[in-house]
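Input sequences plus hints: build the corresponding full structure.
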Amino acid sequence: MTKEERHAIILDNLLRHERVQVSELADILEVSAVTIRKDLTELEKAGKLYRSHGHAIKMDPYINNRSVNEKEKLMPKEKLLIGAKAASLITRDDSIIVASGTTIHAFARCIKPIHRLTVMSASLAVSEMLAAIDAIEIIQLGGILRHSSQSVVGEYAKAPFADCACSKLFLGVDGIDLDYGITTTDIREAELNKTMIQAAQKVIVLADSSKFHRRGFSKIAEIDEVDLVITDSGIPASTARRLEESGIELLIAD
Numbered sequence: 000m001t002k003e004e005r006h007a008i009i010l011d012n013l014l015r016h017e018r019v020q021v022s023e024l025a026d027i028l029e030v031s032a033v034t035i036r037k038d039l040t041e042l043e044k045a046g047k048l049y050r051s052h053g054h055a056i057k058m059d060p061y062i063n064n065r066s067v068n069e070k071e072k073l074m075p076k077e078k079l080l081i082g083a084k085a086a087s088l089i090t091r092d093d094s095i096i097v098a099s100g101t102t103i104h105a106f107a108r109c110i111k112p113i114h115r116l117t118v119m120s121a122s123l124a125v126s127e128m129l130a131a132i133d134a135i136e137i138i139q140l141g142g143i144l145r146h147s148s149q150s151v152v153g154e155y156a157k158a159p160f161a162d163c164a165c166s167k168l169f170l171g172v173d174g175i176d177l178d179y180g181i182t183t184t185d186i187r188e189a190e191l192n193k194t195m196i197q198a199a200q201k202v203i204v205l206a207d208s209s210k211f212h213r214r215g216f217s218k219i220a221e222i223d224e225v226d227l228v229i230t231d232s233g234i235p236a237s238t239a240r241r242l243e244e245s246g247i248e249l250l251i252a253d
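Residue numbers (numbering that gives the first Met the number 0): 0 to 253.
Everything labelled a hint here was simulated from the structure, so no lab data went into it. Predicted, not measured: the structure shown is a model, and the values here were computed from it. Treat each hint with caution, since some may be false.
[Stated by the list, open to error] Mimicking EDC-like on lysine to aspartate or glutamate, the simulated pairs with C-alpha atoms at most 16 Å apart in a straight line are:
{"id": "1", "residue 1": "K218", "residue 2": "D162"}
{"id": "2", "residue 1": "K193", "residue 2": "D231"}
{"id": "3", "residue 1": "K76", "residue 2": "D253"}
{"id": "4", "residue 1": "K76", "residue 2": "E23"}
{"id": "5", "residue 1": "K201", "residue 2": "D178"}
{"id": "6", "residue 1": "K218", "residue 2": "D231"}
{"id": "7", "residue 1": "K47", "residue 2": "D92"}
{"id": "8", "residue 1": "K84", "residue 2": "E136"}
{"id": "9", "residue 1": "K193", "residue 2": "E154"}
{"id": "10", "residue 1": "K84", "residue 2": "E221"}
{"id": "11", "residue 1": "K44", "residue 2": "E3"}
{"id": "12", "residue 1": "K193", "residue 2": "E224"}
{"id": "13", "residue 1": "K111", "residue 2": "E136"}
{"id": "14", "residue 1": "K47", "residue 2": "E3"}
{"id": "15", "residue 1": "K84", "residue 2": "E248"}
{"id": "16", "residue 1": "K218", "residue 2": "E248"}
{"id": "17", "residue 1": "K111", "residue 2": "E127"}
{"id": "18", "residue 1": "K37", "residue 2": "E3"}
{"id": "19", "residue 1": "K76", "residue 2": "E248"}
{"id": "20", "residue 1": "K201", "residue 2": "E127"}
{"id": "21", "residue 1": "K84", "residue 2": "D253"}
{"id": "22", "residue 1": "K201", "residue 2": "D226"}
{"id": "23", "residue 1": "K2", "residue 2": "E41"}
{"id": "24", "residue 1": "K111", "residue 2": "D92"}
{"id": "25", "residue 1": "K76", "residue 2": "E43"}
{"id": "26", "residue 1": "K201", "residue 2": "D231"}
{"id": "27", "residue 1": "K201", "residue 2": "E154"}
{"id": "28", "residue 1": "K111", "residue 2": "E154"}
{"id": "29", "residue 1": "K76", "residue 2": "D92"}
{"id": "30", "residue 1": "K218", "residue 2": "D185"}
Here is the structure:
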């Protein structure tokens, strides 16, 4: 088998599984782990994958700060299913915190309030979506606008939480690593998310299955600070087991 053929098989596995182990590739291709590491190094230099601690993933999570318009195109069906499942958790006369991200946008599109609903929103897009519903009172956070996410960050965004408490926080993330925690690509967003966690009785993470086993640049919280994770059926069975064994509720949207 030529090097080019190995590279094609590696990228095909990565496309189907999002993440591949060096040992697994060595078994599949019947070559040494050293050969696989050399292949991964070449593919990383070509910008086709990202290497990290014995495995490879499709992209570098530490620099993944693409615009919201680009992210909207990724796994849209899964995000809508996750959003619908999350919206079903809203109760009568509820008060919730809504963070930012494209999965959060999908969630907002599914909200049908029971009587009255109060929403504290970091996302301009979410506030705009919900503005047409008379039964929803929106508290739009102020602060510095992040153009890539169409959401706000900074001290002005954090200030209202000193005087408010909500039942639930619906939080989108860029990475979930069960050993490291939940992360995002922007340090200012991570700081705002930490404040939101303190102001909510229940922390609900909305994340499609591609977000697992990734670490963004900025850590939001340890995994045990999360009460519930809503994801799609693509989550690896071993990851689902570990989450539930950690005492974290898991909902699969399908």
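(message) Going through the numbered hints above, which ones does this structure break? Give me the numbers in ascending order.
(response) 1, 2, 4, 5, 6, 7, 8, 10, 16, 19, 20, 25, 26, 27, 28 and 29
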